[in-house]
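Residue numbers for the sequence shown follow the UniProt record's numbering, so the first one is 1 and each next one is one higher.
For the record, the hints were derived by calculation from the structure and aren't laboratory data. Keep in mind the model is a prediction, meaning the values are calculated, not measured. Some hints here could point you the wrong way.
If you anchor each label on the Cβ, the simulated ranges turn out as follows [claimed, not checked]:
id	residue 1	residue 2	range
1	Arg203	Gly300	29 to 37 Å
2	Pro195	Glu267	26 to 34 Å
3	Ile328	Ala89	14 to 22 Å
4	Trp334	Gly382	27 to 35 Å
5	Ser46	Asp335	26 to 34 Å
6	Asp318	Arg42	43 to 51 Å
7	Ala209	Ala244	24 to 32 Å
8	Glu88	Ser179	39 to 47 Å
9	Leu332	Asp39	38 to 46 Å
10	Ala206	Ser61	29 to 37 Å
The beta carbon of each residue, even a glycine, is placed where N, CA and C say it ideally should be.
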Amino acid sequence: MPLPALPVVLVAGLHAEARGAAVRALLGATPGALALHHDLTRARRSLVTRVISDAEGPLGSGEVSLPNDCACCALADDLVPALRRLSEAGTCQLAVVELWDSVEPQAMAEALVTHGGDQLRLTGVVTAVDPARVRASLTSPDDLAAAHLATGEDDTRTVAETWARQVEYAPLLALGAPSRRVTDADRALLRQLHPTARWVDVRDPAFPAAAIRDQVPADGRTSVDVVALAARQHPGSAQLPQLAEEHGVRTVVWRQRRPFHPERLYEALPRLTSLAPRSRGRFWLADRPDTLLGWDAAGGSLVVDNVGPWLASLPWPDWDELPLEWRIAATLDWDPEVGDRGQHLVFTGPGLRADRVRWLLGACLLNDTEYAAGRSAWLRLGSAFDELLDPVF
């Protein structure tokens, strides 16, 4: 008779002390629980160490080879086989995967669900947070490499963007013992970054159940819905935060139908990214009218991505090639003139001036004359974003 699927909980977070406290709480509350951790501290020297522990401490370790000097590739390739070995041994009742500092949970969760088969069941995704370090993490100007947190030579992410994505992906935030006094503004900032997340203190007796069981049906078979979690983050279907203001922290939601003038927006990027420590969403440029662009800014750095076509640019039969969540979002936000094209950007931060955000963004839109000139004229407006995106030919 086959063994039941091994329940697995992912615990992520740049705040190592809070993350460690969450892992210890799960191990201590579950007899037969084991923790699996890939230490990437020496990844830039092509060394990754796999460590297995129980509530008493480390049980064993081993080295993991790095294909193409890619630490995250090594982690993704080794994670599922290592968990399968724990499952096949038959003695592990819960596997707690403690992700290294700057590893983001989304890719690991998706790899586990995709390749885990009948042996593994992802029952929880948790990001551990020191609530006193929320503002410092989100406003950090440092690259991961400068903070000795990069996973490899080609890891160009920043501390702020990495921490923000860790927090915004997980359905459950585990609050560790704060390193200093936590203010109402700290809590407000965390709440506005991820309004739908559940918070549980790692010292709360309710934490283990929240992490292990409460994110999945009680059927013993179903894993965390990683498709739904991904859709919440994808610019085409993201469930972005709503307008909010509390304890001096504000979230500004800006929506418009007209496209941006590419050169005016490009010139305004330094000012826009300095207005708030976090902003994200989707937008469109007049010279790229068929391209849905993603906006992801944190700590002063900005990533702009071509994430696919606007549905309005596709023949109806081609809609089926896009994710259902994306199609639903487009249908609910349809405009008779431009379809699903539109600007939907959200800015969050302490002391944020809503009027300044709206004025600066509005000044980057096409004016009445430019808009009336039509698509053929828009395509000749310039190619300011070519250095961030593929050139338009």
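Hint-by-hint comparison with the structure:
1. Arg203 to Gly300: 29 to 37 Å: 34 Å, holds
2. Pro195 to Glu267: 26 to 34 Å: With Cβ atoms ~32 Å apart, the hint holds.
3. Ile328 to Ala89: 14 to 22 Å: 43 Å, violated
4. Trp334 to Gly382: 27 to 35 Å: At 29 Å between Cβs, range holds.
5. Ser46 to Asp335: 26 to 34 Å: 52 Å, violated
6. Asp318 to Arg42: 43 to 51 Å: 47 Å, holds
7. Ala209 to Ala244: 24 to 32 Å: 29 Å, holds
8. Glu88 to Ser179: 39 to 47 Å: With a Cβ separation near 40 Å, Glu88 and Ser179 satisfy 39 to 47 Å, so the hint holds.
9. Leu332 to Asp39: 38 to 46 Å: 44 Å, holds
10. Ala206 to Ser61: 29 to 37 Å: 32 Å, holds
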